[in-house]
Amino acid sequence: FRFKDSLAEELQSADLVISHAGAGSCLETLEKGKPLIVVINDKLMDNHQLELARQLHRDGYVLYCNCSTLVETLQSMNLSALKPFPPGQPEKFASFLDKVFGLQ
Amino acid sequence: TGGHTTEILRLLSCLSESYSPRHYVLADSDKMSEAKIRSFEQKRAETFSESQFSLDRIPRSREVRQSWISSVVTTLYSILYSLPLTYKRKPDLILCNGPGTCVPVCLSAFLLGLLRIKRTIIVYVESICRVETLSLSGKILYYFSDYFIVQWPDLKKKYPKSVYLGRIV
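In order, the protein sequence lines correspond to chains A and B. For the first sequence, the working numbering begins at -19 and goes up steadily by one. For the second sequence, the working numbering begins at 66 and goes up steadily by one.
There may be inaccurate statements among the hints.
25 Å max Cα-Cα, derived SDA-like pairs, lysine to any residue [to be verified]:
#, chain 1, residue 1, chain 2, residue 2
1, A, Lys79, B, Asp157
2, A, Lys63, B, Arg232
3, B, Lys221, A, Gly40
4, A, Lys72, B, Gln117
5, B, Lys96, A, Ser5
6, A, Lys79, B, Cys79
7, A, Lys63, B, Arg75
8, B, Lys108, A, Ala(-12)
9, A, Lys79, B, Leu158
10, A, Lys72, B, Phe118
11, B, Lys221, A, Gln69
12, A, Lys79, B, Lys222
13, A, Lys72, B, Lys222
14, B, Lys108, A, Pro67
15, A, Lys12, B, Arg232
16, B, Lys223, A, Val80
Which chain B residues face chain A? A few, computed with CB under 8 Å, are given here [as the list claims (entries may be wrong)]:
#, residue
17, Gly68
18, Ser78
19, Cys79
20, Leu80
21, Ser83
22, Val188
23, Cys194
24, Glu197
25, Thr198
26, Tyr212
27, Val234
Calculated directly from the structure, the hints in this document are not laboratory data. Computed from a prediction, not measured in an experiment: that's the story for all the values here. Note that the Cβ used here is the ideal one computed from N, Cα and C, for glycine as well.
The shape of chain B in the complex, shown without the other chains:
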C-alpha cells in the first residue's frame, strides 16, 4: 500500500540486475501501488532492457485496527493463497517492508524452507516511520526473517538482532 510501496521502490532503486526477475505481491484491495510499480519498472527497462517483473495479488491479510482474532483468521486465509504462489515462484530472496500483505508471503516461504522445498532468504526493512516501536508485521517477522533492518538507532538498541544502516529510503 501507499507509503510502503514508495519505500520499497526506493530500496530497489540501487539494486543491480542480479536481482531479477522481480515478482511483486500486492493486496487485492490496493489500487494505487500497481501504477507506481509499473512506472518504476518502465524506467528501469530504459537502462536494463532485459529487465523482467510480474505482479500478483493476494487477499489483504488485515485491515487497519482489525481485531486480533479475526486477523488470525484472515491471515491464515491469506497464507492459503500465498503458499501456492510462493511455491510457484520459489524466490531466492523475499524483500518486504511492513504491510500486512508481507506476513503470509514470508510465513509461506519460511514453511517451504522448513519442508526443505526451497530455502528463501527473507529480508525485512522496517518503515522509516518506525522510530521507537516496530509495526505488527515487524514484531512477527523479527523472528522469521534472515535479516531485519531498522532505520533508527533506538530500534537497533531494542532489537539487537536487527541491522542498522541508517536511513535507506
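So here's chain A without its partners, still in its complex pose:
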C-alpha cells in the first residue's frame, strides 16, 4: 500500500521494522518495542532528520545503515544487542509547569 492513516496494526504484528529516518516512524516503532533498522537516504540529505536517528543509534536503540549497506546489515545484525527504549516522561513537564505557576 502507499499511504495509510496509521501503521499501528502493521507495527504490532511485525518482528522487525526497516524504516527511513523520520522521527515519527522511529519513535512509534521504538515505543512498540520492535527492533528497528533505520535506513538513511544519502540523496535526501536532510540533516535535521539524521540527528535523531544518529542519536538513537549512539544510545544503542536502533541499527543504522544506508541503502547500499542494507543487505549486509540484515545479514550480520544482532538484534538482541539493541536496548529497550524507555518512554518519555511528560509528568516531569507537568511538574515543571506547576512550579512555574506556583501550583504545587
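Fit chain B to the given chain A structure using the hints.
Chain B only, in chain A's frame:
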C-alpha cells in the same frame, strides 16, 4: 502539524485542570491536527467533565524551505492575524513546540506584554527530533520565551539559558 501535534498532546497529557480552558491555534493548511486534538479533548472530558477548549486557525507562516525574504513577509502577515486572536484570548500561558505557526502567536503575545496589555508566559518545548541543532522557530523563540525546554543534553550545553528535563514526550 503532524509530529508537532502528537508531541504537544503528549505534553498536555499530565497537566491538571488548572490549565484550562485550552485554546489551540492551527495553521489553516493543517488537515490532520484537528482530529487528533478533538480526540484528545474528548478523552479528557471523560475524566474532567468541565473541560473546555477551542480551535482557531491562522495563515501558515512559512512553507518548508521557503526563502528567507518571503518568509519574513508571510510571517508578518500571520502576525497581523494572530495579534487580534491573542488580544481576544489574553492567555496566561502559551505552550508551543516548534511549527512555524507558533512564531507569530508568540511574537504577538510578546508585543502585548511590551505594551502592558497582557503579560503571557511563553513556554517553548523544542521537538524531540532536535538533538544537536535548534529548529528555526527555536532559534527565534529562544530570545522571546520565558522558558525554553530542550530534550537532549547537547542542546542544553549549546543553549545555556534552556531548561533540560530529559525526554518528556
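Restraint satisfaction for B:Gly68 [CB to CB of chain A, less than 8 Å]: holds (5 Å)
Restraint check for A:Lys72 with B:Lys222, where alpha carbons must lie at most 25 Å apart: holds (20 Å)
Satisfaction of the B:Leu80 interface hint, Cβ to chain A closer than 8 Å: holds (5 Å)
Restraint status (C-alpha distance of A:Lys79 to B:Asp157 at most 25 Å): holds (15 Å)
Minimum beta-carbon distance criterion (8 Å), B:Ser78 to chain A: For B:Ser78, the interface hint holds, since the closest Cβ of chain A sits about 5 Å away, which is under 8 Å.
Given pair status - A:Gly40, B:Lys221, alpha carbons within 25 Å: Holds. B:Lys221 to A:Gly40 sits at ~21 Å (cutoff 25 Å).
25 Å limit on alpha-carbon distance, applied to hinted pair A:Lys79 and B:Cys79: holds (14 Å)
Hinted contact B:Glu197 with chain A - closest CB pair below 8 Å: holds (5 Å)
Pairwise hint evaluation, A:Val80 against B:Lys223, where the allowed Cα distance is 25 Å at most: Holds. B:Lys223 to A:Val80 sits at ~23 Å (cutoff 25 Å).
Pair hint outcome, B:Lys221 versus A:Gln69 [Cα-Cα no greater than 25 Å]: This hinted pair holds, its Cα atoms lying about 18 Å apart.
Pair hint A:Lys72 and B:Gln117, alpha-carbon separation not exceeding 25 Å: The given pair, whose Cα atoms are some 24 Å apart, holds under the 25 Å limit.
Hint check: 8 Å Cβ-Cβ cutoff, B:Val234 to chain A: holds (5 Å)
Violated hints for the displayed structure: none, as all numbered hints are satisfied.
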